[in-house]
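**Student:** Working from the sequences, and respecting the hints, build out all of it.
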Amino acid sequence: MDVRFSAGRALLLVRAPLLDFGNEFRHTDVVKSVGLRKSDGMAGRPAGAASSAASVPAGAEGPTRAAIVQLLLEEGPITATAIGTRLGLAPAGVRRHLDALIDSGQARAARSAPWQQKGRGRPAKQYQLTATGRGKLGHAYDDLAGAAIRQLGEIGGEQAITEFARRRARTIVAGIDAVGEHTPEKTEAKAEEIAEACTEAGFAATTRKVGAGVQICQHHCPVAHVAEEFPQLCEAELEVFRELLGTHVQRLATIANGDCACTTHVPLMVMPTPKTSPSTVAQPAAVRTNDSGRSAE
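If you read the sequence shown in the UniProt record's numbering, its first letter stands for residue 1, the second for the next number, and so on.
What the hints contain is simulated information worked out from the structure, not anything from laboratory work.
The beta-carbon is built from N, C-alpha and C at its ideal position, and this holds for glycine as well.
Hints may be right or wrong, so weigh each one.
[Unchecked claim] What follows is a list of derived Cβ distance ranges for each label pair:
{"hint": "1", "residue 1": "Ala204", "residue 2": "Ile176", "range": "15 to 23 angstroms"}
{"hint": "2", "residue 1": "Ala178", "residue 2": "Arg86", "range": "35 to 43 angstroms"}
{"hint": "3", "residue 1": "Asp103", "residue 2": "Ala174", "range": "31 to 39 angstroms"}
{"hint": "4", "residue 1": "Gln151", "residue 2": "Gly202", "range": "21 to 29 angstroms"}
{"hint": "5", "residue 1": "Leu252", "residue 2": "Arg168", "range": "16 to 24 angstroms"}
**Tutor:** In structure tokens form, the structure reads like this:
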């Protein structure tokens with residue numbers, strides 16, 4: 001809005017400062033800052049950074065954070081300023097993502113060594129991925145395991161794959177003894193013990209009471225893709241469950257078949273095997289004679 005004043009021949013043009021929003025709000029891809037002059041707001045940012053940062057939506061943490069993780073992987077340790085320069089992001093936005101990665105244990109920060117410091121002042125922090133952060137990146141373990149088992153099958157046949165699956169399943173529950181006495185309490189406790197061992201192996205297993213039984217639910221399968229090709233892994237696992245629980249457990253669902261969890265039903269009551277009573281045992285037919293009561297002549 002322009003306000004014009006006439007002073008003799010001079011015409012003064014004054015812009016009302018409260019109505020000029022051009023420099024009051026600046027989009028930094030993270031927050032909106034108020035009251036910064038344009039020269040201050042852009043200080044320290046490379047040419048073209050504003051347009052590059054603005055091209056990333058404010059809520060698009062996925063692609064932005066993934067790009068930061070990639071830089072930490074390829075060039076870490078690296079400073080937040082260097083990351084911002086490479087990606088065209090404001091330092092505040094970069095630090096917000098780095099703080100989130102540190103809070104989740106995926107990254108860590110350390111001060112630069114004196115020989116790495118440029119200029120005066122405190123050494124800048126350098127960021128890099130932790131083992132946890134690297135573990136969340138893509139890998140080819142499934143492909144490697146599948147190739148190894150296929151090669152094992154070519155060398156030793158199906159029996160070799162089955163034996164491998166059995167040994168792997170027994171390794172998961174190593175140290176767990178078979179249930180001694182079949183009572184609902186002891187059977188349920190043994191199922192919980194098996195679930196804890198599976199959780200330690202990466203299966204995120206729990207137990208729950210369902211009717212007259214208990215179910216072992218494995219909510220994650222670290223070998224699901226391999227088990228799709230080699231069902232012997234699931235079969236061997238079920239066989240080991242039966243050995244430890246001493247009853248006929250039943251697999252209701254598997255992640256390898258597309259279900260949301262691997263569910264195994266364990267009956268808490270073991271039906272006794274019926275014993276044959278001596279009175280019910282079939283007796284051989286008695287030898288009958290055709291005796292009419294008359295003595296032989």
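**Student:** For the range 15 to 23 angstroms, tell me whether the beta carbons of Ala204 and Ile176 fit it or not.
**Tutor:** With a Cβ separation near 18 angstroms, Ala204 and Ile176 satisfy 15 to 23 angstroms, so the hint holds.
**Student:** Can you tell me whether the CB distance of Gln151 to Gly202 sits inside 21 to 29 angstroms?
**Tutor:** About 24 angstroms separates the Cβ atoms of Gln151 and Gly202, which means 21 to 29 angstroms holds.
**Student:** Please test the hint of 31 to 39 angstroms on the beta carbon pair from Asp103 and Ala174.
**Tutor:** At 36 angstroms between Cβs, range holds.
**Student:** Please test the hint of 16 to 24 angstroms on the beta carbon pair from Leu252 and Arg168.
**Tutor:** holds (22 angstroms)
**Student:** Does the beta carbon distance between Ala178 and Arg86 stay inside 35 to 43 angstroms, or does it fall outside?
**Tutor:** violated (59 angstroms)
Checked against the numbered hints above, the structure breaks only hint 2 and satisfies the rest.
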